[in-house]
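**Student:** Using the supplied hints, reconstruct the complex from the two chains, each of which is provided in its own coordinate frame.
One line per chain: the protein sequences are L and D, in this order. Quick note, the first sequence lines up with residues 1 to 117 if you use the working numbering. Quick note, the second sequence lines up with residues 118 to 230 if you use the working numbering.
Fair warning: there could be bad hints in the mix.
What the hints assert, rightly or not - Under the rule of at most 30 Å between Cα atoms (straight-line distance), these lysine-lysine pairs were calculated in the BS3-like manner:
#1 L/44 - D/174
#2 D/159 - L/44
#3 D/132 - L/83
#4 L/71 - D/175
#5 D/159 - L/11
#6 L/71 - D/132
#7 L/71 - L/44
#8 L/78 - L/11
#9 D/175 - D/132
#10 L/62 - D/122
#11 D/159 - L/15
#12 D/122 - D/159
#13 D/159 - L/62
#14 D/159 - L/78
#15 L/15 - L/44
#16 L/83 - D/159
#17 L/44 - D/188
#18 L/44 - D/185
#19 D/174 - D/159
#20 D/122 - L/44
#21 L/11 - L/44
Said to hold, decoys possible - Pairwise CB distance ranges (calculated):
#22 D/227 - L/52: 39 to 49 Å
#23 L/10 - D/126: 22 to 32 Å
#24 L/17 - D/137: 43 to 53 Å
#25 D/162 - L/54: 20 to 30 Å
Said to hold, decoys possible - Stretch by stretch, here's where chain D covers chain L in the computed footprint (C-beta under 8 Å, at least three residues):
#26 36-43
#27 108-114
Hints are computed from structural coordinates only; laboratory data are not their basis. Beta carbons are placed, not taken as given, at the ideal position from N, Cα and C, and that holds for glycine.
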Amino acid sequence: EAGVAQSPRYKIIEKRQSVAFWCNPISGHATLYWYQQILGQGPKLLIQFQNNGVVDDSQLPKDRFSAERLKGVDSTLKIQPAKLEDSAVYLCASRGYKGQRNTGELFFGEGSRLTVL
Amino acid sequence: QQQVKQSPQSLIVQKGGISIINCAYENTAFDYFPWYQQFPGKGPALLIAIRPDVSEKKEGRFTISFNKSAKQFSLHIMDSQPGDSATYFCAASRRAGANNLFFGTGTRLTVIP
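Here chain D stands alone, though its shape is the one from the complex (with noise of 0.2 Å):
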């Protein structure tokens, strides 16, 4: 059973373009809400994350807005660049990311120049 779903698998977007990925999950006790951004043959890093106490999260180009009330998340990449091409990772877990982390199915991105 899939704890957090995420979509769409892949994406293109033009330099400059907003690159959006949507999650969703169906855990009411999931507290914690990160995004890894993994790049081939690396293991993942975190991008940014949010507590669902605020409704969005901003750092830089990227964004996490957060619905509590649909159990749906999304992360934003605003004026996207050849760098940030690279697959992203929506994850949720209990304790604030003490518990186990569940990790989406990932989306690739593909930034063209």
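Pulled out of the complex, with its shape left as it was, chain L reads as follows (with noise of 0.2 Å):
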């Protein structure tokens, strides 16, 4: 079975630049979630889908993040324009079904790791 699939691996940018990270998550997954990981911290949620619609933005800083999930299949990220403050892991999660029963498991991706300068 394939795993979450992220790219670009690696990203530098200038701030006040944009990006776009992708993310196509394990077949089936109805859920999907990003999530920012600042060196040294643990991963801090920025967004959860469930199919194409958003369940939870509420620490998306959304005067510069955006994200989409048009089809209920892979997703995109953007950040415009980046501050510093904006380099981190951006790491991409799905979560799926055992029959009806919610199994809890997150399976991540490698993460693309944004450094602004």
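**Tutor:** Here it is in structure tokens:
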């Protein structure tokens, strides 16, 4: 079974530039998450999708961050304009079900490391 | 506000020793407590998880101990191996994991041969 795919793996940009990250979850997983992991910290949720609808975006800095999951499969996270403090690893995760039961387990991709100069 | 507090920040253990990592939470609505393991350059991966209806769960060398009254849970790694060297995150969520997972700050474990 293929895992969660993310690209690009690394990105270096100047502050005030824009950047986009792409995620393809595990096939059949309805729930998709974007987490931000700053060096030395635990992942922090940015946004959670159920199919193509937003479940939780309370921690998303909406003045500069946006995310979409148009067809309920892959997703894009965009930052515009980027700030120095956005330097982090952006992790995508997906969650599935066994029958009708939520397993609770999140499957993470390897992440996209962003450096803002 | 940190929903889940984790300690220690780093831990060095001799091969064959026991590694113990502790976490505490405040929100009594949390009902799902997983531990994730992360190697450098990789995403976190689920190691073991517990729900509050049991006080302990064991899977191989890994054990979660859960104290509901104290709102604390811990990960014990028995017979620690160099291959266990990684960063470990505790986490908690409501609705059996359907809601957002709140992660601790992580513990970097180094197992010395």
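**Student:** Does each hint fit the structure? Answer for all of them.
**Tutor:** Tested hints:
Under the criterion of a C-alpha separation no larger than 30 Å, the hint pairing residue 44 of chain L with residue 174 of chain D is consistent with the structure, at around 26 Å. Proximity of residue 159 of chain D to residue 44 of chain L is assessed by CA-CA distance (about 16 Å); at most 30 Å being required, the pair is judged to hold. Distance hint between residue 132 of chain D and residue 83 of chain L is unfulfilled; the C-alpha atoms sit about 43 Å from each other, more than 30 Å. At roughly 40 Å between alpha-carbon atoms, residue 71 of chain L and residue 175 of chain D are farther apart than 30 Å, so this suggested pair is violated.
Restraint check for residue 159 of chain D and residue 11 of chain L: satisfied, since their Cα atoms lie roughly 16 Å apart, inside the 30 Å limit. Taking the CA atoms of residue 71 of chain L and residue 132 of chain D, the gap is about 49 Å. The hint is violated against a cut of 30 Å. A C-alpha spacing of about 25 Å is found between residue 71 of chain L and residue 44 of chain L, which places the hinted pair at or below 30 Å, so the restraint holds. A C-alpha spacing of about 13 Å is found between residue 78 of chain L and residue 11 of chain L, which places the hinted pair at or below 30 Å, so the restraint holds.
Distance check on the hinted pair: residue 175 of chain D and residue 132 of chain D sit about 20 Å apart at the alpha-carbon level, within 30 Å; holds. Between the alpha carbons of residue 62 of chain L and residue 122 of chain D the distance comes to roughly 27 Å, so the proposed pair stays at or under 30 Å and holds. About 26 Å separates the Cα atoms of residue 159 of chain D and residue 15 of chain L, which keeps this hinted pair within 30 Å; it holds. Of the pairs offered as hints, the one joining residue 122 of chain D and residue 159 of chain D holds, with about 23 Å between alpha carbons and a cut-off of 30 Å not exceeded.
A threshold of 30 Å between alpha carbons decides the hint, and for residue 159 of chain D with residue 62 of chain L the separation of about 27 Å falls inside it, so the pair holds. Between residue 159 of chain D and residue 78 of chain L the CA atoms are separated by roughly 21 Å; this keeps the pair inside 30 Å, and the hint holds. With a C-alpha separation of about 22 Å, the suggested pair residue 15 of chain L and residue 44 of chain L falls inside the 30 Å cut-off, and the hint holds. The suggested pairing of residue 83 of chain L with residue 159 of chain D holds, with an alpha-carbon distance near 24 Å, which does not exceed 30 Å.
Between the alpha carbons of residue 44 of chain L and residue 188 of chain D the distance comes to roughly 21 Å, so the proposed pair stays at or under 30 Å and holds. Among the hinted pairs, residue 44 of chain L with residue 185 of chain D is consistent with the structure: their alpha-carbon atoms are about 24 Å apart, no more than 30 Å. Taken as a hint, the residue 174 of chain D and residue 159 of chain D pair is honoured in the structure, with Cα atoms around 26 Å apart against an allowance of 30 Å. Our distance criterion of 30 Å between C-alpha atoms is met by residue 122 of chain D and residue 44 of chain L, whose separation comes to about 14 Å.
Restraint check for residue 11 of chain L and residue 44 of chain L: satisfied, since their Cα atoms lie roughly 20 Å apart, inside the 30 Å limit. Evaluation of the 39 to 49 Å hint for residue 227 of chain D and residue 52 of chain L yields a pass: the beta carbon distance comes to about 43 Å. Range check, residue 10 of chain L to residue 126 of chain D: about 26 Å between beta-carbon atoms, so the 22 to 32 Å window is met. The hinted range of 43 to 53 Å is satisfied by residue 17 of chain L and residue 137 of chain D, whose Cβ atoms lie roughly 44 Å apart.
One distance hint, 20 to 30 Å for the beta-carbon pair residue 162 of chain D and residue 54 of chain L, holds here, with the actual separation near 26 Å. By the rule of at least three residues with a Cβ nearer than 8 Å to a Cβ of chain D, the coverage given for the region 36-43 of chain L holds, with 4 such residues. Residue count for the region 108-114 of chain L with a Cβ under 8 Å from a Cβ of chain D: 4. That meets the three needed, and the coverage hint holds.
The structure does not agree with the numbered hints 3, 4, 6 stated previously, though it agrees with the rest.
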